[in-house]
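Chains A and B supply the protein sequences, listed in that same order. For the first sequence, our numbering assigns the number 1 to the initial residue and increments by one for each residue that follows. For the second sequence, our numbering assigns the number 1 to the initial residue and increments by one for each residue that follows.
Errors might be hidden in some of the hints.
What the hints assert, rightly or not - Cβ-to-Cβ under 8 Å is the rule here; a few derived chain A residues that face chain B:
1. 7
2. 67
3. 106
4. 109
What the hints assert, rightly or not - Within a straight-line C-alpha distance of at most 20 Å, the following computed SDA-like cross-link-like pairs (lysine to any residue) qualify:
5. B/76 to A/144
6. A/119 to B/15
7. B/269 to B/362
8. B/282 to A/345
9. B/33 to A/135
10. A/62 to B/4
11. B/362 to A/124
12. A/277 to B/4
13. B/4 to A/59
14. B/4 to A/164
15. A/345 to B/61
16. B/95 to A/137
17. A/95 to B/100
18. B/11 to B/310
19. B/119 to A/10
20. A/4 to A/355
Everything labelled a hint here was simulated from the structure, so no lab data went into it. Note that CB positions come from ideal geometry on N, CA and C, so glycine has one too.
There are 2 protein chains.
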Amino acid sequence: MQSKLFTKTRKEAPKDEVSMNAQLLIRAGFINKEMAGVYDILPLGLKVINKISDIVRDEMNKIGGIEMKTSVLQNKEVWEKSGRWNDDVVDNWFKTELKNGSEAGLSFTNEEAYSSILKQYISSYKDLPVYPYDFKEIFRNETRSKSGILRGREFYWKALYSFSKDEAEHNIFYEKAKAAYQKIYERVGIGHLTYLTFASGGTFSKFSHEFQTICDSGEDTIFIDENKKIAVNKEVFTDEVLEDLELEKNKLIEKKAIEVGNIFTLGTKFSKPFDLKYKDEKGEEQLVFMGSYGIGISRLMGAIVEVFHDEKGIVWPESVAPFQVHLLSLGEDGQAQKIYDELEKKGIEVLFDDRDVSAGEKFADSDLIGIPLRVVVSKKSLAAGGVEIKKRNESESKVVSIEEFIKQIK
Amino acid sequence: MQSKLFTKTRKEAPKDEVSMNAQLLIRAGFINKEMAGVYDILPLGLKVINKISDIVRDEMNKIGGIEMKTSVLQNKEVWEKSGRWNDDVVDNWFKTELKNGSEAGLSFTNEEAYSSILKQYISSYKDLPVYPYDFKEIFRNETRSKSGILRGREFYWKALYSFSKDEAEHNIFYEKAKAAYQKIYERVGIGHLTYLTFASGGTFSKFSHEFQTICDSGEDTIFIDENKKIAVNKEVFTDEVLEDLELEKNKLIEKKAIEVGNIFTLGTKFSKPFDLKYKDEKGEEQLVFMGSYGIGISRLMGAIVEVFHDEKGIVWPESVAPFQVHLLSLGEDGQAQKIYDELEKKGIEVLFDDRDVSAGEKFADSDLIGIPLRVVVSKKSLAAGGVEIKKRNESESKVVSIEEFIKQIK
Chain A
1 MQSKLFTKTR
11 KEAPKDEVSM
21 NAQLLIRAGF
31 INKEMAGVYD
41 ILPLGLKVIN
51 KISDIVRDEM
61 NKIGGIEMKT
71 SVLQNKEVWE
81 KSGRWNDDVV
91 DNWFKTELKN
101 GSEAGLSFTN
111 EEAYSSILKQ
121 YISSYKDLPV
131 YPYDFKEIFR
141 NETRSKSGIL
151 RGREFYWKAL
161 YSFSKDEAEH
171 NIFYEKAKAA
181 YQKIYERVGI
191 GHLTYLTFAS
201 GGTFSKFSHE
211 FQTICDSGED
221 TIFIDENKKI
231 AVNKEVFTDE
241 VLEDLELEKN
251 KLIEKKAIEV
261 GNIFTLGTKF
271 SKPFDLKYKD
281 EKGEEQLVFM
291 GSYGIGISRL
301 MGAIVEVFHD
311 EKGIVWPESV
321 APFQVHLLSL
331 GEDGQAQKIY
341 DELEKKGIEV
351 LFDDRDVSAG
361 EKFADSDLIG
371 IPLRVVVSKK
381 SLAAGGVEIK
391 KRNESESKVV
401 SIEEFIKQIK
Chain B
1 MQSKLFTKTR
11 KEAPKDEVSM
21 NAQLLIRAGF
31 INKEMAGVYD
41 ILPLGLKVIN
51 KISDIVRDEM
61 NKIGGIEMKT
71 SVLQNKEVWE
81 KSGRWNDDVV
91 DNWFKTELKN
101 GSEAGLSFTN
111 EEAYSSILKQ
121 YISSYKDLPV
131 YPYDFKEIFR
141 NETRSKSGIL
151 RGREFYWKAL
161 YSFSKDEAEH
171 NIFYEKAKAA
181 YQKIYERVGI
191 GHLTYLTFAS
201 GGTFSKFSHE
211 FQTICDSGED
221 TIFIDENKKI
231 AVNKEVFTDE
241 VLEDLELEKN
251 KLIEKKAIEV
261 GNIFTLGTKF
271 SKPFDLKYKD
281 EKGEEQLVFM
291 GSYGIGISRL
301 MGAIVEVFHD
311 EKGIVWPESV
321 APFQVHLLSL
331 GEDGQAQKIY
341 DELEKKGIEV
351 LFDDRDVSAG
361 EKFADSDLIG
371 IPLRVVVSKK
381 SLAAGGVEIK
391 KRNESESKVV
401 SIEEFIKQIK
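In isolation and in its complexed conformation, chain A is listed as follows (with noise of 0.2 Å):
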């Protein structure tokens, strides 16, 4: 029932909002802004997150992913370990003190909390590999933030690390990590626009890989080929990078894009200084080789809103829409309500417009929410034989009888 969800639509975003994201997000009641870079998540957000949730968690659960929850708060001495506790190595900690004045950090990423947690528990070839992942709020300090929910300061997102016995066996994962990446973007509905993409690499590997989406807005440039289906980060558009990857300069397209998850062969950057090792089938040590797997959970949705959305409101796909159904009662609550109670058995999840506000009102609502299919009860709709349904992706409407409507809904 729309009338018990406690928020409403707005006309107007916060004055300094200036992502779309933000500013269809705010207006539509799915996230409020707490404080620059940071937003709670409404209930209609926490719909569309849990449902890009699940679709994460369903594709690493495929590829023996196993998953648990590491603490915000981060212990010193554990980063202390790669180094990466100093604020002239990493800039944008938050970090708090305790009350016996001691320091803690909070999550900005997972590698050393995971190196950490695992070598308490590897020690035989037979311990490997592991694929564990989390989802969390993650905290990065940024000096600005004007993106909206693509780069805030508190973000939600899923990180996968995996602990393989040697390069080769890393590989193997790798590719599989890759093609589980791809899925989720085609699960939520980006997936035509998502290239995988060539970046920088670290010290263990030539390139990382990015996941781009094309989108006007876009922070990052790439260079598109579409027939190989692969795009090369503008941080390394080299003529030596092209030459390596195959790719020949003017059959390559330049478009703005929004990076919606990464891949990183780390080799043993951590599992040398966490001495994380284990025995070999002929007892000798070796290091671990590790690789790590993020995806920007609230970025998504935000991208998702960037790539969705016209002058209206949002478009949600509908794998990751709040509700399938937008019922709007104008002035027929006994017969939306009938649908309602039909829909709800059938278990189709439908947002009702029960609310006693104009017609106008509750079209104009629909369209910034962006429910991907509305039905309308009205008198005129039940005179011309039915409920009058529209996809928000399409301007046409029609009426269909409601016995047919409710019928071929799945």
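Put chain B on the given structure of chain A with help from the hints.
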């Protein structure tokens, strides 16, 4: 597959862990100690946390709760309105500094955030009542921390806030919430040990209500009336209070207990400073009447362990156990695998101990982890006609045929 679960049991807990809950949960691989009062939730632990959360969520939804998620980083300006930003008023804040030099706090409770958010959406009596809630990490800068996950510096909770038109409407919901809480304790297996307990109230009510679970290791002392199924916290145990509650001193039994939840009537304590008002049916402005309803999810996990354990390990109630069945193969992996596949097909959650370790180690680990039903497949059990089954909370085992076992299990 237990071989894929990266955690292992341990003989010893960290030396500085004096609480039984942390000792057992760490030894069995449910949690990892990140630092004093801060724990990572490992895969087994997350399964328990999720089961408890699902029960709590279900009961909150049944009484009209609507889920959302407030941010961890808290806005100083919001908290200054209630006066609780001041460290002299609230002495267990964690605060952190933004790049621009301004401060933010880490959520230690949610009244201010909710009051501030709801103020944007409540204007008319038609907008009330509303019952938003969230699950989130909460941070409290405790001087000492020695109760394990019963009192962490970082913990996971559910908090619901009620926003009602007046005290009468509030009281109706308050009673519903009370009943919902009692259902939660019944469903997680501690209902028979948990008492609605009168504790000190705030500005707007004589009493608040705690839910206290009887346990010898509890930090609280309560006085129970067995017939009336209520209790009084020692902190308000005076002749005057007993008279108020119509309790007779000589019929009360003194017990140690663990607080597993509390509910408060807040009245207008927060709506006043936040100027949270609505227009009633006569068009007159009224202050919103509030209540708060908290339950520590990680604390509840700890309380369950404190109550249900023996010298060998944890004894999980079925409803919150990480798995329903612990399947132990003693050299009969082929048969065990078949049983595992059949159980999976039936949707039963099974932890399959396929590890290449001794029978003694498997039995000891199974007792420590505490899954409700242990099923052993061995040469001996097969010769006796099937599998040996034993409940964790019973001492006798029996042999049943594999077909019979699979048919009967739900």
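Hint check, failures only: 4, 7, 8
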